[in-house]
Amino acid sequence: MSVSEGVFIALAAVAVVSGLNVVLRRNPVHSAIFLAFTIVCLAGIFVLLNAQFIAASEVIIYAGAIIVLFLFTMMLLDVRGGMLTHQFQNQTGVAAPVAVLILVCLLGVAIGVSTITGLPAGNLSPAEAANFGTVQTLGDALYRSFLLPFELASLVLTVGLVGAIGLAGRGAEDKEEQERIQEAEQFDAHIRSTEGGTLEPEEPVAAGHH
Amino acid sequence: MGVPLNYALALSAVLFVTGLAGVILRRNILIIFMSIELMLNATNLQLIAFSRYFGNVNGQIFVFFVLVVAAAEAAIGLAIIVSLVRHYKDSLMGDDFNLLKG
Numbered sequence: 043m044s045v046s047e048g049v050f051i052a053l054a055a056v057a058v059v060s061g062l063n064v065v066l067r068r069n070p071v072h073s074a075i076f077l078a079f080t081i082v083c084l085a086g087i088f089v090l091l092n093a094q095f096i097a098a099s100e101v102i103i104y105a106g107a108i109i110v111l112f113l114f115t116m117m118l119l120d121v122r123g124g125m126l127t128h129q130f131q132n133q134t135g136v137a138a139p140v141a142v143l144i145l146v147c148l149l150g151v152a153i154g155v156s157t158i159t160g161l162p163a164g165n166l167s168p169a170e171a172a173n174f175g176t177v178q179t180l181g182d183a184l185y186r187s188f189l190l191p192f193e194l195a196s197l198v199l200t201v202g203l204v205g206a207i208g209l210a211g212r213g214a215e216d217k218e219e220q221e222r223i224q225e226a227e228q229f230d231a232h233i234r235s236t237e238g239g240t241l242e243p244e245e246p247v248a249a250g251h252h
Numbered sequence: 003m004g005v006p007l008n009y010a011l012a013l014s015a016v017l018f019v020t021g022l023a024g025v026i027l028r029r030n031i032l033i034i035f036m037s038i039e040l041m042l043n044a045t046n047l048q049l050i051a052f053s054r055y056f057g058n059v060n061g062q063i064f065v066f067f068v069l070v071v072a073a074a075e076a077a078i079g080l081a082i083i084v085s086l087v088r089h090y091k092d093s094l095m096g097d098d099f100n101l102l103k104g
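Sequence lines, in order, name chains X and P. Each residue of the first sequence is one higher than the last, beginning at 43 in the working numbering. Each residue of the second sequence is one higher than the last, beginning at 3 in the working numbering.
For the record, the hints were derived by calculation from the structure and aren't laboratory data. Each hint should be verified, as a subset may be incorrect.
Chain X is nowhere near these chain P residues, computed Cβ spacing over 10 Å in every case [unchecked claim]: (1) Leu11; (2) Phe99; (3) Asn100; (4) Leu102; (5) Lys103; (6) Gly104.
Some chain X residues near chain P, calculated using beta-carbon distances under 8 Å [unchecked claim]: (7) Pro70; (8) Ile75; (9) Val89; (10) Asn92; (11) Ala105; (12) Gly106; (13) Ala107; (14) Thr134; (15) Leu149; (16) Val151; (17) Thr159; (18) His232.
Quick reminder that beta carbons are idealized off the backbone N, C-alpha and C, glycines included.
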């Protein structure tokens, strides 16, 4: 077993164990931390597979931005209330066999990939091309062949930003608006009932005060 | 020397099915969302392994775009969850949101 193979297996073991913890933990905060572990291990594997720039972006975007966003969301919402109820759907009897079936199919493809596709069983050796996956080669492809998708990606991010602000921000105004409308309706009802002279719970109190 | 393609594909399969099981088994919408991120990452690993295998950098470009879309998706999805929990129903359990149930 070569060195990179050993490193891969170690990283893969940690990634799988943390991935299982993401799914099985009761507390979503623990899940988020284990997701960060999985991401960091996957970034290490990406480095083994000559994708240095992607590995760096993965750590920055996932561990640095997305998981922090998850944690902020958990801070805003009450995650402890959800931990009291039972955590799994009632469809386990159907869902677990389906998941196992898909796992068997995917593992079969992974093991027999060279016999299925007729491709040579290859080692992903890092020595083959020294500058493969560096920022230079990636930027070359990104700014020549993929220039339009790259610009559209910035558009997607802008739309995401505006949409997130709109969704999370406008809801609060709506709630204030609703509360204001409710208060106004209650006030209206109160005025109408006092003007109409119908019986209401406050009148005996007022009479007693006189 | 090097990592066999089979190993990367097998790890990707295991992580993908872990995420899939999380999506179909868990009730907490935040954990369902994290399981979706796990599945996205399993796919990324597959793309990068094949990119390395064929010596073609396009697979890594695809992963780059997947990261961009995942970032936008996480921002919007979490905003939807925040807005849903605050204004529609004060719950984090997915089956409490059954407006579309027939």
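Indices of hints not satisfied (ascending): Checked against the structure, the hints that fail are numbers 1, 8, 9, 11, 12, 17, 18, while the rest are satisfied.
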